[in-house]
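Join the two chains, each given in its own frame, into one complex according to the hints.
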Amino acid sequence: MSQTNYIGKALNRVDGPAKVAGTAKYAAEFNVPGLAYGYIVNSPIAKGKITRIDAAEVLALPGVHRVFSHENVPMLAILDRSYKDDVAPGGSPFRPLHDAEIKFSLQPVALVVADTIELARYAASILKIEYEAAPHETDIETKRTKGFEPGRGKTGFTPPPPPRGNPDRELKNAVHSIDQEYVHGTQHHNPMEMFGTTVEYLGEGKLNVYDKTQGALNSQQYIRKVFGLSKEEARVISKYTGGGFGSGLRPQHQLFMAVLAALELKQSVRVTMTRQQMFSFGHRPHTLQTVKLGTNADGTLAAVQHHALHETSQFEDYTENVVNWSGMLYQCANVKLGYQLAKLDVYTPQDMRAPGAATGSFALEVAMDEMAYAAGLDPLDFRIRNYADRDQNLDKPFSSKKLRECYHEGAAKFGWEKRNPAPRSMRQGNMLVGYGMAGGVWDASQQKAGAKVSLSADGMLTVQSATNDIGTGTYTIMTQVAAEYLGLPVEAVDFQLGDTEFPAAPVQGGSWTAASIGTAVKNACEALGEKLLKQAQKMKGSPLEDAKFEDVEFVNGQLRLRLDPGQAVVIRDIVQASGETKMEADATAAPNLLKQQGYSLHAHNAVFVEVQVDEDLGTIHVTRVVNAVAAGRIINPNTARSQVLGSVVWGISMALMEETVMDHQFGRYMNHNYAEYHIPVNADIHDIDVLFVEEEDDIVNPLGVKGIGEVGLLGVAAAITNAVYHATGRRVRELPIMLDKLL
Amino acid sequence: MNSFTYTRAEAVEAAVREKSASDQVKFIAGGTNLLDLMKENIERPTRLIDINHLPLTQIEASPEGGLRLGALATNADTAWHPEVEKRYPLLSQAILAGASPQLRNMATNGGNLFQRTRCYYFYDLATPCNKREPGSGCSAIGGYNRILGILGTSESCIATHPSDMCVALAALAATVRVTGQNGERVVKFEDFHRLPGDTPQFDNTLQPDEIVTAIDLPAEDFSRNFSYLKLRDRTSYAFALVSVAAALQLDGNTIREGRLALGGVAHKPWRDQEAENMLRGQPATEDTFRRVAAKVVENARGYSHNTFKIELAKRAIVRALKQATEGQPVTEAFQNSNP
Ligand SMILES: Cc1cc2nc3c(=O)[nH]c(=O)nc-3n(C[C@H](O)[C@H](O)[C@H](O)COP(=O)(O)OP(=O)(O)OC[C@H]3O[C@@H](n4cnc5c(N)ncnc54)[C@H](O)[C@@H]3O)c2cc1C
Ligand code: SF4
Chain A
1 MSQTNYIGKA LNRVDGPAKV AGTAKYAAEF NVPGLAYGYI VNSPIAKGKI
51 TRIDAAEVLA LPGVHRVFSH ENVPMLAILD RSYKDDVAPG GSPFRPLHDA
101 EIKFSLQPVA LVVADTIELA RYAASILKIE YEAAPHETDI ETKRTKGFEP
151 GRGKTGFTPP PPPRGNPDRE LKNAVHSIDQ EYVHGTQHHN PMEMFGTTVE
201 YLGEGKLNVY DKTQGALNSQ QYIRKVFGLS KEEARVISKY TGGGFGSGLR
251 PQHQLFMAVL AALELKQSVR VTMTRQQMFS FGHRPHTLQT VKLGTNADGT
301 LAAVQHHALH ETSQFEDYTE NVVNWSGMLY QCANVKLGYQ LAKLDVYTPQ
351 DMRAPGAATG SFALEVAMDE MAYAAGLDPL DFRIRNYADR DQNLDKPFSS
401 KKLRECYHEG AAKFGWEKRN PAPRSMRQGN MLVGYGMAGG VWDASQQKAG
451 AKVSLSADGM LTVQSATNDI GTGTYTIMTQ VAAEYLGLPV EAVDFQLGDT
501 EFPAAPVQGG SWTAASIGTA VKNACEALGE KLLKQAQKMK GSPLEDAKFE
551 DVEFVNGQLR LRLDPGQAVV IRDIVQASGE TKMEADATAA PNLLKQQGYS
601 LHAHNAVFVE VQVDEDLGTI HVTRVVNAVA AGRIINPNTA RSQVLGSVVW
651 GISMALMEET VMDHQFGRYM NHNYAEYHIP VNADIHDIDV LFVEEEDDIV
701 NPLGVKGIGE VGLLGVAAAI TNAVYHATGR RVRELPIMLD KLL
Chain B
1 MNSFTYTRAE AVEAAVREKS ASDQVKFIAG GTNLLDLMKE NIERPTRLID
51 INHLPLTQIE ASPEGGLRLG ALATNADTAW HPEVEKRYPL LSQAILAGAS
101 PQLRNMATNG GNLFQRTRCY YFYDLATPCN KREPGSGCSA IGGYNRILGI
151 LGTSESCIAT HPSDMCVALA ALAATVRVTG QNGERVVKFE DFHRLPGDTP
201 QFDNTLQPDE IVTAIDLPAE DFSRNFSYLK LRDRTSYAFA LVSVAAALQL
251 DGNTIREGRL ALGGVAHKPW RDQEAENMLR GQPATEDTFR RVAAKVVENA
301 RGYSHNTFKI ELAKRAIVRA LKQATEGQPV TEAFQNSNP
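Sequence lines, in order, name chains A and B. Following full-length UniProt numbering, the numbering of the first sequence begins with 1 at its first residue and continues without gaps. Following full-length UniProt numbering, the numbering of the second sequence begins with 1 at its first residue and continues without gaps.
So that you can see chain B by itself, here it is in the shape it has in the complex (with noise of 0.2 Å):
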């Protein structure tokens, strides 16, 4: 690990001034993902911005009608929020799946939004990695790339964002509070992260100034048919090999409205509104699911170890519709068993 000297910021424009002062200085909210890259000398901040003391952990209404979750807010504090259990299900369930207690008692709301990618090439300095280092080449291309990415992926770089909570919010079309110099902007979920493109080193479209400072729900009400399914290598304590956030508002069994987003398969938290919308007036069916399923994966593309995920893809989100519609948001006893 690199020297770094630290900074403890007591207010948000103070913290934004200090970070535009060199891409070097990075700020730091529960440390879960940055020590460890520190640790591994994949980051290698010279100052540190301790922002843990700004007064951006509360969970409170917002002026729409929806909920404002802090940035500072722990990822614990949000799963078990009376307000998000009652309103939001979907985002504790999410939450509920990833990490470990442990963790997530000091992960924070932003430091979720920015976690970096798992790939096992990202985090060993002995391999040629784009993400790490531009330009040097993409090492799971052509090696192992079982957990990556097959939606949305590039000839720079098919990595994958990690985050369970981070579907749930795309699924309930969240927006983020930013700040910068320049004062406050409302980003969608969707275009927070981005696609890997020909510069994967960019993970999302915070610009370097600025600084998470809530996260919005809106008021919409997906709490009664919903599901987060996540599926991976062990039942607790490991990354989504493929995750599903389904949300629904049934007329009967008419589809009024649904949403659908994926983890574990793209650089971003991957949102379909086109397949949404072929879920509008549509009878909640294993039909309908299925047909929804397969434009989701329609042009996904599978690698040496991970074409698998195209068809896993498909079945879990007709089981993830399937449990939203039954309200039953887990059938299997085994899932997501780790709250």
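Okay, chain A solo, but in the shape it has when bound (with noise of 0.2 Å):
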């Protein structure tokens, strides 16, 4: 083993330093001169219309430049088209300042620029705004029976597909069923970063802007098409991203704010969003499953049906994948699924770690637990013996599936087989013990991306593009992939993220990056690799003179036989007898569709979880968690294992805390702040243990990675929800479980 073999190592986070020292700058840190500051004012109303703005108040003040709204916006793009960026789903995306109509609570309205944020904040809130308010809709329950079937809207949407074998038949023949609603409601994703943008103005409409984003291009495409902007005039820079999951795929309202008093004050300007603002664009929308499962006398699924309704705003039609999973993650031959959208005056959902599984997985992970008491079987034997080797969706196989191995090995490690299956059973002094258990299947995707490498003549590779990293690892793990395809140290490795300038890539998203960028650092390796070795071919006396690709192997600084490791040539040499200050190459990956068409591409997961609730006083408490991810390779076990542990804390957010709670009365969410929006502390967090049964896989991509960012998610919530059922004996089916559900 060299030393310079990193993947697969646990490499420090390479960026850990920058963050700790607090020299890692975000969007709303860059300090350019002359910066002014945007507040922007919300609408108090979730349906209607402006009928009038006195801003003479605010513009007298002293240091106030400007309040943008509708009434003064310049002639923007026309078309819709301009305003959908790469994710956007089917519809007519909202446009900030666009016109007198309200569609949402929380629009924003209007923008003050001033001086200073305090006197922008202080103007915002004195900005007299007359409305007209209309009849709202925001709930739901209103829907029920209005649902519809949205289209193709969206990359990654896959309607389900139609119906298998004869589910309803089945289902009322089968020896044992269950039908049962399951409801999580609105969730907001509140990274600990909040929205902002710097724009820094270069002078004649040229830009710098420093956004808030998972995906810079994506942000930069968005502002070029509504303000008519090229490419040099609108460079984007998102170095670091202070959390996303999801809230960043879009670009969200103050990159237009920012960009938009930018160009009309031909100044550098700052606008960010407050806590309570995080609250006014995307969330997790509010949705209603109904799953019916049933099973034959000898524990086999005889029939699955799972059907979705969620939330939309009236404008778009956001749609994800909910229910399609229902009809892979278990061998049934008659499956049904459906999935609706209903339209209100809300915004337009957004995606949100692990979009529609970890909503359908709840669904179904719960479900599957009540089938398993209703037919009397241990929950985990029940879905080892209703394994699915294929994937029945796309009957295909699988590129490489070792849930299997995650139940088994999760399981062991959790003490499964101390379970008393029977509810109310297991005690711990005051406390009510429950063991649940569940899992969960992701996409294994990805996308075209890019990447360039510049070695120096001093040994140094500069590896850049324009993904991002959203706390991830991205560029640890890039770092990695670039320092083990040239057999350089780490430390002499720079990989660069977040810039327009760098070669493209796709939003940070869908847990793709390792998979895409990582693909496309490897390519734009071997690339220069090649260019080194012929280099090195025409250096005097060269050991590698005869030397195909295949023969050689960069290790250790080195270029050397593989066959005859002392013939050698020093890296860096190579790049000096180049005569020029550095060597560079840049390269595309792309899914290899030829090698995959015939199989499905998953990861997996398996979680048990153990909870103590106390029977009085409904107290629950998540005391210790395995989860068991198969998720292809590793490439650094300690990003990976912080992607799951992150994935098991939202999950006990998911099924304990997290609800943004809406009244309808107003169309409004109602705790819209941190304080009042629960998510876990330290105190509620306890054992977490994560495992990895590792996969060998050259189909999914040729670093044999399925992104990891996801899965771990999956099933979290539903295990919790099954633990507690176990625990206490009531089966709740409505997501948060706080202590009244209970009492």
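Simulated from the structure, these hints should not be mistaken for laboratory data. Heads up, a few of these hints could be off.
Across the chosen pairs, the derived CB separations fall in these ranges [to be verified]: (1) A:417 - B:106: 46 to 52 Å; (2) B:186 - A:429: 41 to 47 Å; (3) B:205 - A:615: 37 to 43 Å; (4) B:106 - A:682: 19 to 25 Å; (5) A:417 - B:218: 43 to 49 Å; (6) B:20 - A:192: 39 to 45 Å; (7) A:615 - B:188: 18 to 24 Å.
A quick note: this is a predicted structure, and the numbers were derived from the prediction, not measured. By construction, the Cβ of each residue, glycine as well, lies at the ideal position given by its N, Cα and C atoms.
If you want it as structure tokens, here you go:
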């Protein structure tokens, strides 16, 4: 094993020191000279129109530059197309400050720009805006029978497959069956870093835009199309992102506002959202689901039916894959899946960590637990009995699938065999103890992406790609990939991202970054490797003179013969010998469709949970979690583990705490702050154990990685719900399970 | 946030004089509540008087044999003070069940008394609220009221007082020392906060020119059998849905004297002296506790989302009294785990 084998090593975050020392700068921390500050004003009503804006008093305040609203926004792009970003759903995107119409509560209606943030904020508070309210509808309960099937609006959306077998008849004939509804409310992403954009005005309409986003190129394309800017005029930079979880996939209002103000005022402008304003855009939609399951006498599934209805806005049809998973996680010949949307006077929902699957796996996996009890089977046994070796939705084998190993290894680690199956049968002191389990499946996808590498004569390798690192570890693992493929120490590798000047990359989402950018980096390194070999062969007395690329390897700073490692050239010397200051290569990578077309590509997990519930008071504590994940090859056990730990915390939050509460009188979210929108604190988190069951898979992509940012969340909320049932005998079917549901 | 002027008070008399000038003048102590409210445009003082330099940070023996807590002693210093820990551990426990270490380092004892409700509507200027804007209506009664009151509510307001510390102070029968332009007065803790009635804009009975200088704890000893039980939606850093401060003096298994106060259920820390009387002379058994608990919530009224609090309060009272009896203020490993 050489010193420059990095893939699979638990390297610490390369961006860690900068983050700890505070030198990592986020979008709202670029203090360019002459900066003005914008503050967004939001609508107090959910529907209606603005009848009057009186800015006189505000404009009279010394230090206030301008109040932007629909009344004075210049002519911008006309077509909907121009407002559609890369991941926009079907429909007509919301255009900030476009007209007097109010479409949702907290809608941005004006921007006040002033010398200081304090002044802008004060001025915004006294801006007089009059509204004429119209009746709104924000309650999905009123839409139960009014759902509609969406078209193919959005990238990544797959409408449910048509029914297979005879799901209605088989459900009716089943020996045991269940039919239940599962609900969760609205959830907001709430990454730590609030949305902010600093626009540096460089003169003559030229801008440097520091944006909080999960995709610098997506932000760039949006502002280019909306404001008619060229690529050169609108450089977007996003070096660090303080959490995304999907909230930064689409450009948010503050980007529009900051660019508008900078172009109009010909001045640098920053606009940041407050925590309260973080509730003014996308969210995981309030979803109603019905699952019907039936089993045969031998405990195999006779029928699976899963239907979901969730909210969307009046103007866009947000879609996610909620029910499809139920046709592929278990073997079943009779399946019926349904998926509908309902329009409400809210903002368009937005992908939130494992969109669709987090929702769908909650319903399916609680239903599976109910089914296991109804059939008198152990929930784990029941799942193994119905294990799917093929993806029946696609009728294809999996490229790799070690879910069975996840079940077994997870159960062993957890001590599942100690479980007494009867509800309310296990106790510890005052507390009822419950064990629950669940699992999930998530896409292993790869998108087209590019990367560029440049090796300098002093042996430093710079790698660039326009991707983002939303805290997931992209900086670190790409450094590892590049160092490994070019045989350089990681200290000699500088991976740079988040700049639209770099080779194109997709938004960071869908857990596809490791696969997509990783493959691009590998390809670029190999392209450079070939150049290095050619150059090395030109060197006087080169020991590699007759070597082919397959015959050499890049190890420990040397280019050498695989079979005769003594025959080597120092890589740095090759660049020096070239007479240039650096040698460069770039490459793109796209999925190998030919290789993949015969397979279903997915990652899986199995989660085991122990809860303790105070019988009298209803308080719930998740005391132990084991999450076993099969997601291909693990590039870095540290960053991968962190992703799964974060997913478990996210799942605990989803199960027990998170809900954005809508008051339908006002059509307004009422707990729109961090004090009352609860997420777990340290005291809520106990033992979390992460297991990786590695899979070798050269079909998914050349690196064999499947992505790890989302799969770990699947099943967590369901496993907790199931454990609560086991502890208390109470079956809760609506999240979050707050203590009043157990009294 | 509005512009305001800032002055620093060096003496209590001067502070009181300045304060009486207008109701747009506010004292600022730790600022942990006032600044938030100013940023939300709920409080709009034109002038702030910084009282942090007043000589009111002492924690010392009171002439009556109890302990005097300076209004400007921080919540953290109070909770960890050796005399408080030894003689009034109920108070320590209650303080430590609240907020976070960072906040408790800033928050003062005086400020804690004045913290305002956490009612969602009070915080959102887009919705009517009688407490924020008298006469505008109460959005919570017909809205989302899960966290709000069940006892002593009115047609105008069902808000709760969110403090933990004050619940313990109520149970311990503390008194509040107040100075105004007309000199000093002493207010019984139960008379300090008020019920909303039809003037929910007033949280307490302090006069506009008055300042709290200290809180006096009486000499009585509840240091052996006590419990502060706080129930909330996460283990730490959340306000109480229901909290109970229970304190007992026992002769063997017989209750000589009992104290009981509840948080998260009313516009003020809810002390029920009739229920306390029912404890006197009774055996410290679950049966007794259940009867007392039923008495406390006898006149409780639930609203659309908070009816569960009635049952929860009953169970919490029983549990807290049980814990107090057993001398195990915290039996449940995960409660109040944020000191
Ligand atoms: C995120 C968060 C979580 C919290 N969680 C909890 C919790 O779980 N439990 C809990 O009990 N509390 C909690 N708190 C509230 C906290 O305890 C109070 O904010 C704090 O006690 C207020 O004290 P202060 O000194 O900062 O008051 P300030 O904010 O300075 O003042 C508050 C009010 O009191 C007035 N005032 C202050 N001192 C005096 C005086 N001596 N005389 C007359 N008037 C005075 C001021 O004029 C002002 O109107 C939380 C607060 C925050 C921000
Ligand atoms: S309960 Fe009180 S504070 Fe809440 S909205 Fe009603 S009046 Fe306002």
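Now the hints, each set against the structure:
1. Between residue 417 (chain A) and residue 106 (chain B) the CB atoms are about 50 Å apart, so this pair conforms to the stated range of 46 to 52 Å.
2. About 44 Å separates the C-beta atoms of residue 186 (chain B) and residue 429 (chain A), a value consistent with the hinted range of 41 to 47 Å.
3. Separation of residue 205 (chain B) from residue 615 (chain A) is about 41 Å and conforms to the stated range, judged on CB atoms against 37 to 43 Å.
4. In this structure the hint that residue 106 (chain B) and residue 682 (chain A) lie 19 to 25 Å apart at CB holds, the actual value being about 20 Å.
5. A hinted range of 43 to 49 Å for the beta carbons of residue 417 (chain A) and residue 218 (chain B) is inconsistent with their spacing of about 57 Å.
6. A hinted range of 39 to 45 Å for the beta carbons of residue 20 (chain B) and residue 192 (chain A) is consistent with their spacing of about 44 Å.
7. About 38 Å separates the C-beta atoms of residue 615 (chain A) and residue 188 (chain B), a value inconsistent with the hinted range of 18 to 24 Å.
In terms of the numbered hints stated before, the structure departs from hints 5 and 7, listed from lowest to highest.
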